[in-house]
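Undergrad: Sequence:
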Amino acid sequence: MNKQQAFEKLHLIGQDHLLQHYDEWSEHQQNAILKQIERLQIPVFREQQQLLTPSPHSPIRLLDPVSDSAFFGMDKRKEKGKNAIKQGLVGALLIAGGQGSRLKFNGPKGCYPVSLIKKKSLFQLFAEKTLAAGIEAGRPLPLAVMTSPLNHEETVSFFESYDFFGLEPSQVSFFSQELLPLLDEEGNLVLDPMGRIAEGPDGNGSCLRRFFDSGIWNSWYEAGIRLVNTVLVDNPLADPFDAELVGHHLDQNADVAIKCTTRKDAEEKVGLIVKHNGHIEVVEYTEIPEDARNKRDQNGKLLYNLANLSLFSFSMDFIKLTAHKDLPLHRTRKEAPTIKDPSPEAPNLWKFETFIFDVLRYATTIKTLIYPRDICFSPLKNGVGQNSLETVQQDLLKRDREVFEQVTGSPPTEKPFELSQQFYYPTDELTAQWENKPFPDLSYIE
Numbered sequence: 001m002n003k004q005q006a007f008e009k010l011h012l013i014g015q016d017h018l019l020q021h022y023d024e025w026s027e028h029q030q031n032a033i034l035k036q037i038e039r040l041q042i043p044v045f046r047e048q049q050q051l052l053t054p055s056p057h058s059p060i061r062l063l064d065p066v067s068d069s070a071f072f073g074m075d076k077r078k079e080k081g082k083n084a085i086k087q088g089l090v091g092a093l094l095i096a097g098g099q100g101s102r103l104k105f106n107g108p109k110g111c112y113p114v115s116l117i118k119k120k121s122l123f124q125l126f127a128e129k130t131l132a133a134g135i136e137a138g139r140p141l142p143l144a145v146m147t148s149p150l151n152h153e154e155t156v157s158f159f160e161s162y163d164f165f166g167l168e169p170s171q172v173s174f175f176s177q178e179l180l181p182l183l184d185e186e187g188n189l190v191l192d193p194m195g196r197i198a199e200g201p202d203g204n205g206s207c208l209r210r211f212f213d214s215g216i217w218n219s220w221y222e223a224g225i226r227l228v229n230t231v232l233v234d235n236p237l238a239d240p241f242d243a244e245l246v247g248h249h250l251d252q253n254a255d256v257a258i259k260c261t262t263r264k265d266a267e268e269k270v271g272l273i274v275k276h277n278g279h280i281e282v283v284e285y286t287e288i289p290e291d292a293r294n295k296r297d298q299n300g301k302l303l304y305n306l307a308n309l310s311l312f313s314f315s316m317d318f319i320k321l322t323a324h325k326d327l328p329l330h331r332t333r334k335e336a337p338t339i340k341d342p343s344p345e346a347p348n349l350w351k352f353e354t355f356i357f358d359v360l361r362y363a364t365t366i367k368t369l370i371y372p373r374d375i376c377f378s379p380l381k382n383g384v385g386q387n388s389l390e391t392v393q394q395d396l397l398k399r400d401r402e403v404f405e406q407v408t409g410s411p412p413t414e415k416p417f418e419l420s421q422q423f424y425y426p427t428d429e430l431t432a433q434w435e436n437k438p439f440p441d442l443s444y445i446e
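Numbering (the working numbering), first residue to last: 1 to 446.
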C-alpha cells in the first residue's frame, strides 16, 4: 500500500488525522504505519465503533442456572482420562498472547517469575507440567502456545534460551493471534508513542481458528490427538493435562467439557456459566446485568453460581467445525500509552476482543465439571491486592502442601517450600520412593 492509497482508505472511514505528520516521519515509521493501514479491516473497525454506540433497547435475555453439573473427585473418571493421555489422545493449548504491563513487567506475561522458591516463570511451570505429565504417561505430550504479534518472537526466544525447560523442541508449537486497533472515547484510531496505530491482541476467541489455520490441528490429528485442553498462562494452578476432565469429556461424549468452580461472591470478576434457552453459555463479567450478578435462590445462595475459569476440553472435531465461525466482539477499557499520553494512570482506550467461550453457541453437547477453587484457579492479574503475586504464591504453597501430603502421607512443615511439578503427576516409582517419608529439610523438593 502506498501513501495515496492509505490516505484514501483513512478518509473513507474518517480517520485522516492519523497521517497529519506523515511527511515528518522516518521511512521506517512510514512503512510501519502503511502496513497497519493495509491490514485494517474496515467492516471490523465499524463493528468496533458500533459497540461504542449505546443501544436504546437491549433485549432482555432469560437466563437459567446450570443444574446438571458433575463434581470433581471420581477415581474411575480420572483413570479413564489417564489412559487416554497414555494413548496419545490429548494435547494442551496454552493461551499466552498477553503482556505483563498490568504487573509493571516489561515482556510477555508468561515470562513473569512466579514460583515461591525457584522464581520459575509461568512458561516454565507449564512446560514442566507438560514434561511431568509426559513422564507419568510414558510418552512425550504436545503443547501448543498461542502468542500475539506483540510477544511472539520474545516468547519463542525465551523457550529456546532455556532449552524448552526439558521438553523436546518438537513437542512445542507456537502460533500467533492477531491484533485489533484500540479506539479512544470518540471511537477514533490513535497513535502510540512510536507513531504507530495503537493496537492490542484480538482476544482468546481467535485461538481455535489460529490453531487450525496454523497447521498444528492437522499434524496433531494425524498423530492421533482427539482432545485439546486449553489453559490461560496467568493461572499457574491450571492443569494442562487434567486426567479427570479428559475422562469426563470422554464419558459424556461431549463437544466441550468445561472445568469450573463456584463463585466466591457476587462481586468476583468472573464470567457466569448459565443456560439460555436450554443451552450452556458464558456471560462475560463486564456484561452481566446487575440483577443477575446478585440474584439468589430460595436458600440465599447465588443463583448463577458457576464461575468460568476459561479451562476447556475441546474435541478436535469440534475445533474443525467452529474454526471459521463468526464470534462477537466484546469491549473493555484499557490503560495504554498514546503519542499524547505516554504514561496513562487510568484506563484511557477501548480494547476489543473475541472470547473463547463464545464458541459454545456452536456446540451440541457441553458438560460442566465443578472443582474446588483452590486446586485449579489462582489468576495473576494485578500488581498488588487480590490476584497479585502475593496471593498467587500463597495459593501455590497451599496446593504444594496438599499434594506433598497426598503423595507421601506425611504432613509438611509450616515453612515455605516449593514442589517439583512431578509430584502433581506421580509415577508409581515416585510414589514408592516418597511413601511415608518425612518432610525433608529443603526449600525446593525435587
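Any given hint could be a false lead.
[Unchecked claim] Restricting the straight-line Cα-Cα distance to at most 20 Å, the calculated cross-link-like pairs of lysine to any residue (SDA-like) are:
1. 295 with 53
2. 398 with 335
3. 320 with 366
4. 320 with 175
5. 415 with 391
6. 264 with 197
7. 9 with 37
8. 269 with 331
9. 264 with 337
10. 301 with 320
11. 86 with 430
12. 398 with 388
13. 78 with 374
14. 119 with 82
15. 334 with 197
16. 325 with 178
17. 35 with 186
18. 269 with 382
19. 301 with 285
20. 340 with 185
21. 264 with 223
22. 120 with 397
23. 118 with 398
24. 104 with 444
25. 82 with 171
26. 398 with 410
27. 120 with 289
28. 398 with 362
29. 9 with 38
30. 269 with 305
31. 275 with 35
32. 119 with 103
33. 120 with 106
34. 381 with 340
35. 334 with 53
36. 301 with 340
37. 275 with 9
38. 334 with 347
39. 3 with 29
Simulated from the structure, these hints should not be mistaken for laboratory data.
Undergrad: With reference to the structure, classify each hint as holding or not holding.
TA: Hint by hint, here is what the structure shows:
no.: 1; hint: 295 with 53; result: violated (28 Å)
no.: 2; hint: 398 with 335; result: violated (33 Å)
no.: 3; hint: 320 with 366; result: holds (16 Å)
no.: 4; hint: 320 with 175; result: holds (17 Å)
no.: 5; hint: 415 with 391; result: holds (17 Å)
no.: 6; hint: 264 with 197; result: violated (39 Å)
no.: 7; hint: 9 with 37; result: holds (8 Å)
no.: 8; hint: 269 with 331; result: holds (15 Å)
no.: 9; hint: 264 with 337; result: violated (33 Å)
no.: 10; hint: 301 with 320; result: violated (39 Å)
no.: 11; hint: 86 with 430; result: holds (17 Å)
no.: 12; hint: 398 with 388; result: holds (16 Å)
no.: 13; hint: 78 with 374; result: holds (19 Å)
no.: 14; hint: 119 with 82; result: violated (30 Å)
no.: 15; hint: 334 with 197; result: holds (15 Å)
no.: 16; hint: 325 with 178; result: holds (16 Å)
no.: 17; hint: 35 with 186; result: violated (24 Å)
no.: 18; hint: 269 with 382; result: holds (13 Å)
no.: 19; hint: 301 with 285; result: holds (18 Å)
no.: 20; hint: 340 with 185; result: holds (14 Å)
no.: 21; hint: 264 with 223; result: violated (40 Å)
no.: 22; hint: 120 with 397; result: holds (14 Å)
no.: 23; hint: 118 with 398; result: holds (16 Å)
no.: 24; hint: 104 with 444; result: violated (27 Å)
no.: 25; hint: 82 with 171; result: holds (19 Å)
no.: 26; hint: 398 with 410; result: holds (15 Å)
no.: 27; hint: 120 with 289; result: violated (39 Å)
no.: 28; hint: 398 with 362; result: violated (38 Å)
no.: 29; hint: 9 with 38; result: holds (9 Å)
no.: 30; hint: 269 with 305; result: holds (13 Å)
no.: 31; hint: 275 with 35; result: violated (43 Å)
no.: 32; hint: 119 with 103; result: holds (15 Å)
no.: 33; hint: 120 with 106; result: holds (16 Å)
no.: 34; hint: 381 with 340; result: violated (27 Å)
no.: 35; hint: 334 with 53; result: holds (18 Å)
no.: 36; hint: 301 with 340; result: violated (48 Å)
no.: 37; hint: 275 with 9; result: violated (43 Å)
no.: 38; hint: 334 with 347; result: holds (5 Å)
no.: 39; hint: 3 with 29; result: holds (12 Å)
Of the numbered hints stated above, those contradicted by the structure are hints 1, 2, 6, 9, 10, 14, 17, 21, 24, 27, 28, 31, 34, 36, 37, listed in ascending order.
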